[in-house]
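Sequence lines, in order, name chains L and W. Using UniProt numbering, the letters of the first sequence map in sequence onto residues 1 to 223. Using UniProt numbering, the letters of the second sequence map in sequence onto residues 1 to 214.
Please keep in mind that the hints were generated in silico from the structure rather than gathered at the bench. Mixed in with the good hints, there may be bad ones.
[To be verified] Simulated pairs of lysine-lysine, BS3-like, Cα-Cα distance not exceeding 30 Å:
| # | chain 1 | residue 1 | chain 2 | residue 2 |
| --- | --- | --- | --- | --- |
| 1 | W | Lys156 | L | Lys44 |
| 2 | W | Lys184 | W | Lys143 |
| 3 | W | Lys82 | L | Lys79 |
| 4 | L | Lys142 | W | Lys213 |
| 5 | W | Lys122 | L | Lys6 |
| 6 | W | Lys143 | L | Lys43 |
| 7 | L | Lys130 | W | Lys143 |
| 8 | L | Lys193 | W | Lys183 |
| 9 | L | Lys43 | W | Lys183 |
| 10 | L | Lys209 | L | Lys191 |
| 11 | W | Lys64 | W | Lys213 |
| 12 | W | Lys124 | L | Lys86 |
| 13 | L | Lys130 | L | Lys142 |
| 14 | W | Lys213 | L | Lys137 |
| 15 | W | Lys143 | L | Lys39 |
| 16 | L | Lys145 | W | Lys156 |
| 17 | W | Lys114 | L | Lys137 |
| 18 | W | Lys156 | L | Lys43 |
| 19 | L | Lys137 | W | Lys64 |
| 20 | W | Lys140 | L | Lys39 |
| 21 | L | Lys79 | W | Lys183 |
| 22 | L | Lys209 | L | Lys193 |
| 23 | W | Lys64 | L | Lys145 |
| 24 | L | Lys79 | W | Lys156 |
| 25 | W | Lys156 | W | Lys140 |
| 26 | W | Lys114 | W | Lys5 |
| 27 | W | Lys122 | W | Lys184 |
| 28 | W | Lys156 | L | Lys49 |
| 29 | L | Lys43 | W | Lys140 |
| 30 | W | Lys183 | L | Lys49 |
| 31 | L | Lys6 | W | Lys93 |
| 32 | L | Lys79 | L | Lys209 |
| 33 | W | Lys5 | L | Lys49 |
| 34 | W | Lys114 | L | Lys43 |
| 35 | W | Lys93 | L | Lys44 |
| 36 | L | Lys79 | L | Lys145 |
| 37 | W | Lys140 | L | Lys142 |
[Claimed, not checked] Anything over 10 Å on all C-beta distances counts as not near chain L; from chain W, calculated:
| # | residue |
| --- | --- |
| 38 | Lys37 |
| 39 | Pro51 |
| 40 | Glu67 |
Quick reminder that beta carbons are idealized off the backbone N, C-alpha and C, glycines included.
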Amino acid sequence: MATPVKVYGPPMSTAVSRVLACLLEKDVNFQLIPVDMSKGEHKKPDYLKIQPFGQVPSFQDESISLFESRAICRYVSEKYANQGNKRLYGTNPLEKASIEQWLEAEGQSFNPPSSALVFQLAFAPRMKLKQDLGVIKQSEEKLAKVLDVYEQRLGESRFLAGDEFTLADLSHLPNTQYLVSVTEKGEMFTKRKNVGRWWSEISGRDSWKKVVALQKAPPPKSA
Amino acid sequence: MAVLKVHGSPFSTAAMRVVAVLYEKGLEFEFVPIDMKAGEHKSEAFLALNPFGQVPAFEDGDLKLFESRAITQYIAHEYASKGTQLICPDSKKMAIMSVWMEVEAHQYDPHAGKLCFELFFKAKFGMTTDPAAVEDLEGKLGKVLDVYEARLSQSKYLGGDCFGLADLHHLPTLHYLLGTSAKKLFDSRPHVSAWVVDITARPAWAKVIAMQKS
Numbered sequence: 001m002a003t004p005v006k007v008y009g010p011p012m013s014t015a016v017s018r019v020l021a022c023l024l025e026k027d028v029n030f031q032l033i034p035v036d037m038s039k040g041e042h043k044k045p046d047y048l049k050i051q052p053f054g055q056v057p058s059f060q061d062e063s064i065s066l067f068e069s070r071a072i073c074r075y076v077s078e079k080y081a082n083q084g085n086k087r088l089y090g091t092n093p094l095e096k097a098s099i100e101q102w103l104e105a106e107g108q109s110f111n112p113p114s115s116a117l118v119f120q121l122a123f124a125p126r127m128k129l130k131q132d133l134g135v136i137k138q139s140e141e142k143l144a145k146v147l148d149v150y151e152q153r154l155g156e157s158r159f160l161a162g163d164e165f166t167l168a169d170l171s172h173l174p175n176t177q178y179l180v181s182v183t184e185k186g187e188m189f190t191k192r193k194n195v196g197r198w199w200s201e202i203s204g205r206d207s208w209k210k211v212v213a214l215q216k217a218p219p220p221k222s223a
Numbered sequence: 001m002a003v004l005k006v007h008g009s010p011f012s013t014a015a016m017r018v019v020a021v022l023y024e025k026g027l028e029f030e031f032v033p034i035d036m037k038a039g040e041h042k043s044e045a046f047l048a049l050n051p052f053g054q055v056p057a058f059e060d061g062d063l064k065l066f067e068s069r070a071i072t073q074y075i076a077h078e079y080a081s082k083g084t085q086l087i088c089p090d091s092k093k094m095a096i097m098s099v100w101m102e103v104e105a106h107q108y109d110p111h112a113g114k115l116c117f118e119l120f121f122k123a124k125f126g127m128t129t130d131p132a133a134v135e136d137l138e139g140k141l142g143k144v145l146d147v148y149e150a151r152l153s154q155s156k157y158l159g160g161d162c163f164g165l166a167d168l169h170h171l172p173t174l175h176y177l178l179g180t181s182a183k184k185l186f187d188s189r190p191h192v193s194a195w196v197v198d199i200t201a202r203p204a205w206a207k208v209i210a211m212q213k214s
């Protein structure tokens with residue numbers, strides 16, 4: 001059996017959970033290696049060698065070392081194309097083009113405002129940091145405009161890139177999970193009919209339920 | 001062969017990114033100007049091509065795409081045998097290039113894009129530059145470029161041994177920033193500086209700039 005791939009970082013990190021979702025969809029065995037961010041482990045020289053920006057996740061597979069969650073997902077989906085969910089990254093160039101389009105839309109239009117809201121509403125309170133009401137308001141307005149576009153698209157198409165669940169949908173799971181389950185902004189998704197239907201479908205997948213369970217598991221005790 | 005069309009403005013960094021790939025590949029295409037001053041990018045006709053109301057939009061026969069980095073990847077794969085090779089056939093090398101493509105999109109561009117707006121576009125729109133914002137953005141971009149300096153001391157190009165999409169995606173914002181006070185950020189880092197000189201000197205890039213003058 002193949003050696004498990006390694007993912008460095010805590011499952012509560014949105015970017016780490018994006019990679020975990022992909023690995024689970026593709027039935028790829030992985031080893032989750034803790035990085036103690038509260039102690040600044042991610043900014044120490046040993047970690048910076050594998051991720052020079054000092055962020056999680058980082059990834060290793062045999063002899064290759066990668067970072068940036070969406071690059072890791074693309075690599076995993078290509079390398080393990082013939083196992084697990086075979087439609088995750090498309091089976092022909094036209095499908096792939098559509099997936100890339102919506103994956104970029106996630107990264108460029110959905111992620112900035114939703115990430116800002118996740119930080120302000122879910123993480124800042126835990127970290128005892130002051131919330132920035134201006135950022136919250138601006139981010140909510142931007143996110144609303146993006147979700148209006150999604151509402152229209154998801155009325156024409158079952159999933160973002162087409163009829164099948166793909167990486168483009170998967171990439172939205174981490175931020176949306178926090179917004180829906182931990183903040184009062186979940187209504188932005190559930191009150192829009194098509195977006196609500198889509199969220200229900202994609203978050204109900206076995207792979208995502210496993211990621212959420214990993215996020216809820218108690219963190220490993222330090223040695 | 002179907003007609004390739006790019007809808008956008010020759011001054012838009014995202015549209016320039018797509019046009020750069022088309023010139024590198026030596027592909028014939030039609031550039032359809034979108035009058036952004038008149039709000040044409042928010043018209044129903046354009047929203048049918050890009051529901052986010054942003055340029056560029058792209059057509060290859062019946063295929064319609066938006067998001068410049070999805071378009072460049074499509075072109076680079078679909079027309080792999082034409083002109084400059086912009087992706088790697090080897091999957092491990094492509095994975096490394098993919099990492100640095102994400103770095104451009106998520107680490108570099110958020111700061112570089114905003115700096116372009118402060119230092120170049122605001123003047124065009126009759127707005128005033130915010131010096132505090134500029135200082136903040138230059139600091140953040142500087143930290144990213146420190147990582148680039150280390151990377152480029154070990155690798156000729158960001159994505160690997162050869163020029164590819166990971167490098168090309170930087171050209172539009174680089175072009176604008178080099179004409180502003182932010183140029184110092186690139187000049188002060190020797191490997192970054194050499195890389196910038198190399199990639200901005202490419203003949204295909206000169207054609208993209210020439211479009212702005214016609």
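Going through the hints against the structure:
Between Lys156(W) and Lys44(L), the direct Cα distance comes to roughly 26 Å. Compliance with the 30 Å bound is thereby established for this hinted pair. Of the supplied pair hints, the one linking Lys184(W) and Lys143(W) holds, its CA atoms being roughly 14 Å apart against a limit of 30 Å. Between Lys82(W) and Lys79(L) the CA atoms are separated by roughly 25 Å; this keeps the pair inside 30 Å, and the hint holds. For the hint linking Lys142(L) to Lys213(W), the alpha-carbon distance of about 34 Å lies beyond 30 Å, and the restraint is violated.
Our distance criterion of 30 Å between C-alpha atoms is broken by Lys122(W) and Lys6(L), whose separation comes to about 45 Å. With a C-alpha separation of about 13 Å, the suggested pair Lys143(W) and Lys43(L) falls inside the 30 Å cut-off, and the hint holds. About 25 Å separates the Cα atoms of Lys130(L) and Lys143(W), which keeps this hinted pair within 30 Å; it holds. As the CA atoms of Lys193(L) and Lys183(W) are separated by approximately 48 Å, the hinted pair breaks the 30 Å bound.
Distance check on the hinted pair: Lys43(L) and Lys183(W) sit about 28 Å apart at the alpha-carbon level, within 30 Å; holds. Proximity of Lys209(L) to Lys191(L) is assessed by CA-CA distance (about 22 Å); at most 30 Å being required, the pair is judged to hold. For the proposed pair Lys64(W) and Lys213(W), the alpha carbon gap of about 28 Å is at most 30 Å, so the pair holds. Pair hint Lys124(W) plus Lys86(L) does not hold up; C-alpha atoms about 49 Å apart against a cutoff of 30 Å.
At most 30 Å may separate the alpha-carbon atoms for a hinted pair to count; Lys130(L) and Lys142(L) meet this at roughly 21 Å. Between the alpha carbons of Lys213(W) and Lys137(L) the distance comes to roughly 40 Å, so the proposed pair goes past 30 Å and is violated. The suggested pairing of Lys143(W) with Lys39(L) holds, with an alpha-carbon distance near 22 Å, which does not exceed 30 Å. Distance check on the hinted pair: Lys145(L) and Lys156(W) sit about 41 Å apart at the alpha-carbon level, beyond 30 Å; violated.
At roughly 20 Å between alpha-carbon atoms, Lys114(W) and Lys137(L) fall within 30 Å of each other, so this suggested pair holds. Between the alpha carbons of Lys156(W) and Lys43(L) the distance comes to roughly 26 Å, so the proposed pair stays at or under 30 Å and holds. Of the pairs offered as hints, the one joining Lys137(L) and Lys64(W) is violated, with about 33 Å between alpha carbons and a cut-off of 30 Å exceeded. Taking the CA atoms of Lys140(W) and Lys39(L), the gap is near 23 Å; set against the 30 Å cutoff, the hint holds.
For the hint linking Lys79(L) to Lys183(W), the alpha-carbon distance of about 40 Å lies beyond 30 Å, and the restraint is violated. A C-alpha spacing of about 22 Å is found between Lys209(L) and Lys193(L), which places the hinted pair at or below 30 Å, so the restraint holds. The suggested pairing of Lys64(W) with Lys145(L) holds, with an alpha-carbon distance near 22 Å, which does not exceed 30 Å. For the suggested pair Lys79(L) and Lys156(W), the alpha carbons sit about 26 Å apart, so the restraint of at most 30 Å is met.
For the hint pairing Lys156(W) with Lys140(W), the CA-to-CA distance comes to about 24 Å; that is within 30 Å, so the pair holds. As the CA atoms of Lys114(W) and Lys5(W) are separated by approximately 28 Å, the hinted pair is consistent with the 30 Å bound. Distance check on the hinted pair: Lys122(W) and Lys184(W) sit about 20 Å apart at the alpha-carbon level, within 30 Å; holds. Our distance criterion of 30 Å between C-alpha atoms is met by Lys156(W) and Lys49(L), whose separation comes to about 19 Å.
Restraint check for Lys43(L) and Lys140(W): the C-alpha separation of about 16 Å stays at or below 30 Å, so the hint holds. Under the criterion of a C-alpha separation no larger than 30 Å, the hint pairing Lys183(W) with Lys49(L) is consistent with the structure, at around 28 Å. The suggested pairing of Lys6(L) with Lys93(W) holds, with an alpha-carbon distance near 19 Å, which does not exceed 30 Å. With a C-alpha separation of about 24 Å, the suggested pair Lys79(L) and Lys209(L) falls inside the 30 Å cut-off, and the hint holds.
A C-alpha spacing of about 43 Å is found between Lys5(W) and Lys49(L), which places the hinted pair above 30 Å, so the restraint is violated. Distance hint between Lys114(W) and Lys43(L) is fulfilled; the C-alpha atoms sit about 26 Å from each other, no more than 30 Å. Restraint check for Lys93(W) and Lys44(L): satisfied, since their Cα atoms lie roughly 27 Å apart, inside the 30 Å limit. This hinted pair does not check out: Lys79(L) and Lys145(L) have alpha carbons roughly 35 Å apart, beyond 30 Å.
At most 30 Å may separate the alpha-carbon atoms for a hinted pair to count; Lys140(W) and Lys142(L) meet this at roughly 23 Å. Distance check on Lys37(W): its Cβ is at least 21 Å (rounded) from any Cβ of chain L, clearing the 10 Å threshold; non-interface status holds. The beta carbon of Pro51(W) sits about 5 Å from the closest Cβ of chain L, which is not more than 10 Å, so the claim that it is off the interface is violated. Listed as a non-interface residue, Glu67(W) fails to keep its Cβ farther than 10 Å from every Cβ of chain L; the least gap is roughly 4 Å.
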